[in-house]
Each structure stands twice: as structure tokens, then as C-alpha cells.
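**Student:** Here's the letter readout for the chains.
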Amino acid sequence: MKKRNDFTMSCPVPIKDYPYVLLAHGGGGKLMHEMIERMFKEVFVPNDTVNSHDSAVLNCSTERIAFTTDSYVVQPLIFPGGDIGKLAVFGTVNDLAMSGARPVYLSLGFILEEGLPMETLWQIVRSIKQAADEASVRIVTGDTKVVDRGKGDGVFINTAGVGLMEHHLNIHPSSVKKGDVILLNGDIARHGMAVMTVREGLEFESAIESDTAPLANIVLTLLNEGIEIHCLRDLTRGGLASTLNEIAMAAKVEIRIDELSIPVREDVAAACEILGFDPLYVANEGRFAAFIPKKDKEKALAVMKKHSMGKGACLVGEVIGEGEALVTMKSKIGTTRVIDMLSGEQLPRIC
Amino acid sequence: MKYIDEYRDPDLAQQLSAAIRKITTKRHVIMEVCGGQTHAIVKFGIDELLPKEIELVHGPGCPVCVTPLELIDKAVKIASLKSVIFCSFGDMLRVPGSQKDLFSVKAEGGDVRVVYSPLDALKIAQENPDRQVVFFAVGFETTAPANAMAVYQAKEQAVSNFSILVSHVLVPPAMEAILSSKNNRVKGFLAAGHVCTVMGYWEYEPIAKKYKVPIVVTGFEPLDILQGIYMCVKQLEEGRFEVQNQYTRSVTHDGNKPAQGLIEKVFCVCPRKWRGVGEIARSGLQLRDAYKDYDAERRFDVTGIKTQENAECISGLILQGVKKPHECPAFAVKCTPEKPLGATMVSSEGACAAYYHYRKMER
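Line by line, the protein sequences give chains A and B.
My numbering numbers the first residue of the first sequence as 1 and each following residue consecutively.
My numbering numbers the first residue of the second sequence as 1 and each following residue consecutively.
Bound conformation, chain B alone:
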């Protein structure tokens, strides 16, 4: 398939692998930020093509994984209401809340629907004026423009039975949190290509400078990732710390300005809790006052929720790159995709799920 096969070429992959080996003289720990990259690395076995000096650690860029438990519990509570049609991306349905997941709510009679776009949820709201339609707006900067658009259009068209349950998170503050942690081992980053498609990469320049780390904006196909690693290793070997763009076919320095404008119009920056990591200042988005009527947390009573994390789950350490999935005692024993203890075992972008599906040999 055009635009896919070119980036999975076995000969070029071997050439890049050889080039990385040639320039590597010492140990480097590199974090790929995005869960989509984690999956590509594990699915295609990209780490098999790297010299042993290079260790890839998996970052926090899985929206399902970092959505706080409290929000999942709020979603469960709202979705259980008879008056509500609860719409979500498919990934979120299996994430365990304190008591249950959204799939269980559906099985118990809740009207929970999988949609591909928040605008589909808005359409459902227009078609069902006597029901409340709530969209679970999770994700990074990648999904923020579409969610902003849904709210913007709801207001423009005066669709009053539509609201969103917001749990938006931002990548740069999470990278800074990892870099300033005393446990940090990460010396270079592959930044998330699709986040940067929206936001550009100007936000990363001060981070590279402040923490002296190379940051390479990287795509998602095997050759993208290998080339991103090559560029990152080359900087590390030469003692440089710049922001470089591997994913030039999608990312520009300034990003998608109209999309950024829409995010800015509808959302404002707020502190946000990250599941397994804790609260990070200025790391989330919430609806601006002008759009607060579309905030599901204001529309429904979601107070009095007491969350309970599973004590055995180490997903926080995994999301910060401190531990690998197979280093968890519960991995593939007590915790499986069928009975997940934490969100990293659920999502198709979660590191634990990736290891479970593609790495049976390591169990």
C-alpha cells in the first residue's frame, strides 16, 4: 500500500540498523513518547535491530493509560444514567475503573456507544433531542482540535443536550516532569509525530535547551522510528541537544495554526492528574468559561467518588520509563488483557498490552 510499504522496506531497515550500530559507541537510554510508537517498536521488533547499548523506554503517551481513575469512575457514573447516551472512543471501554469498566455499564443496560469522532457524538445529540449525549474527551493535543470543534459547533448550533467529559493532557509538561524526576534515566526523546502535526515543535526547543536532551520528532512506521533513533543517537554521540524533525512529511515547525486556534478558543490550560504519575502543573486542558455549559462534570452530579487503585499495578513506573512491563510480578500472571489490573494492559497503545501480545517469549 502506498505511503505504508515504503516505510516498511526490509532492506532500508537493515541499512538504518547498520548505520545506528556504526555511530553507537556508548550506552544511551531513549524514550519514545507516544504509545503508537511503543506498539510499532514491539510489533515490528524494531529493538531487535538495535545495538545492545541502546535501550528504548516507553513513555507516557498513551491517552487511555494516563486518564485518571477518577475520570473513569465519573464516566461510569454518567454512562449508567438512564437519560444519557455515553459516547467514547473504543479504547476507553475496557479500562478498569474502581468498580467496573464501561463495557460492564453497557452490559447492565447503559447506552454506551463507540464512535470514531466527537462530531459523530454531536450528530447523535442532534438526532436524540430528548436524551443527554456525553462524549468522553480524552487524549493529547492530537484529539484536542476535534473535541474543541465538537463543542464549538454544539454552541454555534445551540445543541443543548451535548456535553463532554474532559480529560485532556499535554505532552511537553509530562516530558519536563520525567526529566526533572530524580529517577530519570532518559537521555533523549523521540517526540510524538501526531501531537507535533497539530502543535508543531517550537514548544520543545526550550526543553531541549534547559535539560540538554536531544528531541527528535518521529513518525510511526518502522523506518520512521529507526531514522528517529539514528538522529537521536547521532546527537547524543556528538554531544548536541537540538530539536530535529524526522517526520517532515507531516510535521512543520509551527504546526497546524487553525487547529491550535480552535484549541485556544475552546480550552484553557489547567493542572491535571495523570494516572499512575500524579498531578502535573499546567499539563491539561479544560473548557473555557465561555463553554462551561458543555462540561459534563458541571451538568451531572459526579461528586462523592472514592477511587481505589490496584495496589499491585506498577503502571506509574512503566509510564515514566522507570520499569519495563515484564519486570512487574503481576505481568501475564495476575494481569492480562482479559483481566487487566491497570490501564497499560488495556489500551492498544499501552506498553504492557504491547509486551503481552507480541513478546510471549519474555513471559
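Okay, chain A solo, but in the shape it has when bound:
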């Protein structure tokens, strides 16, 4: 699944010399320095602001900052609509955005498996650069390790991020109240099905592309428009259902959603039906749920719909009670059922 078109710059570590990552690329010697100097540093940070030191020194203009970290392990490394590099940038950017922070700095740690094609690594590195530019964050520090062949899965990436808190709201489950409405910024379940449909061993052809995208800008736009955001959560692993359960438990509230209002693209719904997955539990990488007071509903929806990351924005539910943690859904045929946390992974059914 290599997209050669995205690979515009040629790899600065000549592939003819080292077509694959060697253990020595993580050994601290010349090869490692050459790879960092030529491949990583030039791409990530403009030369004038970086110095080869053990840590980066950062300027922060706000009293409060948001700080988060996440590790990325995905197979295949490159999938329709994205790759592990893009995920590693947007995932951490989005975690910062869910506090309402403006993401500014990222760290980047690579664990590479010996034998990884240098071209694949370069494609991921280029993708990280593009993603960081798109999300307006700077990668200011990093690390590279190489593990023996068979002890990694090609590439593992860890990113940590710092974001500036330029607002004074407490965007947190504890701020969720009875009467809050729940907005989504678009259709669900695309990332999970994009990865699932190309995964090794699964003979299922599909053009479903991951929804991976940076969410900080749309959140900042909502804040700038004066929307009183109570809570935000990106719908990653476990999908919408798990996210709502997490918030219901943390805030001790009862949430009711309406199945008819939850957008699932037709091809995604079809893939889910065939494979026996419930789209409510499938991962997303560019979707979030916003809990806001009812008074701001119309305005927030209008702001979201105008933004490129919120064209499919919609109202999916409401907080209907306090005290007991529960998520229920009005089904398409008008009955009500519980939406539970998933136990382990969703598994494909027998028939």
C-alpha cells in the first residue's frame, strides 16, 4: 500500500547505502548520527532553533499548559487515508485539543525494528512533517532506538505534546451536567474499518479511508466563538460507545443517544455488517464528542458545520440524568437499549 505520490523528496540517507534499518542506526555511533542529522532533524525543526542537546527548552506564554503522551502501534503501517506517522501527530494533537489547549510542541520517539525498509521510514517521516505543519505544532525533541528483527512490528512511535491553555473553562467530565447536549463532528467508524479492511489475511477490498485529522483548530474556533464547552473527548479506540461510557462513569450521569441521528457512511456500514462489527465501537481518529449546554446548541452546530473538520456535525444525544452512570440508545425501531462498554476486542462472528 505504498503511496509513491506522497513521497516527493528523496530520502537523505542514501537508500543504495542502507536500504534497511540496521541495529547500528540505533547504536549511538556514526550511522545513528547520520540518520538523525540527515533524516530527522532537518525535516522536523528549522536549523536555527535547534541545538543538539539532551532536552529542548520551551517558551510558554500561558500560566496553564496541557501535557499528554500516547504510543502508536498499528498494522499496516500505511493504510488508506493515513499512516502511523500521521496518527502519531494527530493523535497527540487531538488529546491536547480535548482539553481546549492550543497544541504547540511535540516530542517524537521512534522504536524501529531492524530490517525496516529505509524507504518506509522516510515515507513515515515525511508524513509526520506534513501532519505537524498541518496541525501547527513543532517537534522539538526526539529519540530513536532500534530493536532486533522480530522484536518490533516495523515501527512503534511515541509522541508527547504540550499545549497552551488560553481559556479558563474546566473542560472535563466533571463539568458535564444534566441537560447538556452531545454533538459529533461527523460520521463515525471510518478509521477502524479502513485499517480492518486492509489488514493482512482479510480478503476484503474497499476504498474506505481513515478519518485521521487534527481537531485542535475546530475546538479553538468553538472556544473563540464563546461556546461554553463542558467536555470534549475524541472517539478513538472503542469508538463512540466507549467514549460515552467513560464520560458517563466519570461524571456519574445518564446519557441517551438516538441511533437515527448517528451518521455512518454507507460503505462503512456495509463493511461493518459484513464483518459483524458494531460501528458504535469502531475506532475513529478525527472525530470528537462535545458536551455543551443546550443554550449553545444551535450556535455550536453552525460553527462546526462551517469548519472543514465539522462539515458533518450533528446532535446525537443528551445528558438526561445525574447520579447513575448509564448510556442508553433509542434504536431505529423505537425501542431502548443499553450501550455497554466493550469487553476486550470486537471479534468477527462465525455466521
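Some clues are possibly wrong.
Which residues of chain A face chain B? A partial, calculated answer using Cβ under 10 angstroms [to be verified]: (1) V264; (2) E266; (3) A270; (4) L275; (5) S331; (6) I333; (7) T335; (8) R337.
Okay, the calculated beta carbon distance ranges per label pair [to be verified]: (9) V73(A) with D293(B): 34 to 42 angstroms; (10) E279(B) with K151(A): 44 to 52 angstroms; (11) I4(B) with T69(A): 38 to 46 angstroms; (12) A24(A) with E312(B): 51 to 59 angstroms.
Honestly, the hints are just simulated from the structure, not real lab data.
Built from N, CA and C at the ideal position, the CB exists for glycine as well.
Once you have looked at the hints, place chain B on chain A.
**Tutor:** Frame of chain A; chain B shown alone:
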């Protein structure tokens, strides 16, 4: 989505619900045979749309649930061998054996892989000629043709490192076992639509006649199930006991003849143990002598397995429609999807799992 949304139409669901109420004058116990139907009923809350006189009981049609413990233990033993790539449908990996499940085998270093089709397992065998590839062939008549095809092709193409661990079961003998049990409360059946897609419904005609029960071949979407219930209740109210076909968009009287032919070619009928229920005569399929070289039980030493069922699990009574999941003292207390005591809590088609996920109010 086309072919799905039409069958989840809220207005039509309400109309069918009203129609069922209108014709119901007395109490009826109806069993939906297939676990897929059980899940649809609980997930969509279809029983909420029925009058209180109608009780739905959940049948034995969950392949994961009825696969005997002994077979799970055999799978665990084979999958633990270094030379083996063990392939299975995803559902089977979490089913508890006497000691452990297949997920644990994988975590301990076994090469256990989830596949979507037995033919994928055959392909893995062709790609790994130095390894033994075993496919866990479970299921009802629905999965039998694909499993038969994998074995048939393995023989045609002389793939000698491929075998299957067979635990195939058949629906009609299980229905007869339920009907002839002294505990039986079931007065009508929704037969399993996908089993009948393969087999047709001619096999059910003698059962309806012998036991005087209406049998309605039914699909899996909410409107299918409501219509199936309507047809079954109408027969019960009118004192008829016929085999009717609700699922006409998929099922014909004779079924899929080439698929039946392939099953017949590769498999023959045998007695089979059902987990929680016991042995039922002529209720399973095993490989014919011509294909016995592809039987994993012959290829690997799986003797000396001592099974141990959990004493607290009442899944047998649940699979026979005698008890409901929430009537079990262990339900949602000692037995959860994370720590299941029995298979009915594991499978996405198991009745206990369905109640656990969609019915928190009843805990």
C-alpha cells in the same frame, strides 16, 4: 443502507407489533433457534414490542455455545504445538476450555490466527508448507459448505499439511431433542434463516407434523423477526402447525443444492455431543472416510483429555430454553464477558452475552 434500512423501519415495526397484539388471545412460548436472532431480538428490543402473552425463549443455535468442552480442550492442545498454525473464527478464541482459552494459547506463544473463511486457512497452509495448519471447523449447516470446500480443495490440490478439527452440528435433531424433552415449554419455532438458505426447509416438515408445532423460517432483521412471530402466533391461534417461510428473499424449499451436495460428499452424519445439552443422535457431521486424512483428531494426539465443566454454569438449561440468562445466580456477578463461566457468555450470539450487553436494567 439498502437491504438493511428497509428491514428496520420504525413505522412498519409498530404496525407489525399492533398486528401481533390484535391476533394474540392466549399465552404462547416461541423459540428462536438461531443465536443471531437472539442477538437481534435483545439488541433491538423486539420483545418490548410484543404483548405480554408472548414469551420468546432462546434456542441452541449458537455454534460457539454448543461446541463441546472436549473439543475446545483438543483445540487448545493442538494450537499449543510449535509445528502448528491454528486458524479459527474470532468468536472461538475467548471460549473457556477446562484450563484456558485459545487467546491464552496465543499469549503463551502459540500461532493462533483469526480468519474469516476456511479457504483463508487453506491458503495459509499452501504458503507455509513446513507447518501444519489446522482450521477449527465449528458451526451449523451454514458454515458446513465452506468447510467442506476447504477440505475438498485441499485434497484436489494435494495440500497435505492442512486439516480441520470438526465440531459440526445440525439443527433439526436439536429441535427434536428439545421437543421430546419432558421440560419442554416451546410451542412454536422461528427456524434459522441462514441454515435454511443452505438446507431449504423440507427437513422441518416431518418435525412440524410429528410434534404439532408451527415452524416459521425467519430472517435476522427486526421486521423479519416481527413478521416471523406474527406468522407463528397466527398458526398457534388458529391451531395450525405448518412450515412457513418468512425469509423468502434468501430461502427456498429445496435450499442450495450444490452446497448440500458438497456437504454430502465430504461429511457424513454422526452422533455429536452438545455443550450443556449432552449427546444427540445423528446431530453432527464428521469427515467421510475418503477425507479422513484431513481430520485433525487423527493427525494429532488428542487423547487423554479430561474435561471439567464449571459447576455453577447453567448454560445447558439456557440453550434448551428452560431458563433465561438473568435467572442464573452467577449472571453478571461471577460470570461476565471478561470472566465467563460458560460459552453462552462469550459468543456474540450467546444469550447470556446478549442479555449482559443490552439489558443492564435487568441485572
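**Student:** Now, for every hint given, state plainly whether the structure supports it.
**Tutor:** Here is how each hint holds up against the structure:
1. V264: With a minimum Cβ separation of about 8 angstroms from chain B (threshold 10 angstroms), the hint on V264(A) holds.
2. E266: holds, 5 angstroms
3. A270: holds, 6 angstroms
4. L275: holds, 8 angstroms
5. S331: Holds, because the Cβ-Cβ distance from S331(A) to chain B comes to roughly 5 angstroms (cut-off 10 angstroms).
6. I333: OK, holds: I333(A) within 10 angstroms of chain B, min 4 angstroms.
7. T335: It holds, given that the least Cβ distance between T335(A) and chain B is near 3 angstroms, below 10 angstroms.
8. R337: With Cβ-Cβ at 5 angstroms, under 10 angstroms, it holds.
9. V73(A) with D293(B): 34 to 42 angstroms: holds, 41 angstroms
10. E279(B) with K151(A): 44 to 52 angstroms: holds, 48 angstroms
11. I4(B) with T69(A): 38 to 46 angstroms: The hint (38 to 46 angstroms, Cβ to Cβ) holds, given that I4(B) and T69(A) are roughly 40 angstroms apart.
12. A24(A) with E312(B): 51 to 59 angstroms: holds, 58 angstroms
When held up to the earlier numbered hints, the structure conflicts with none and fits them all.
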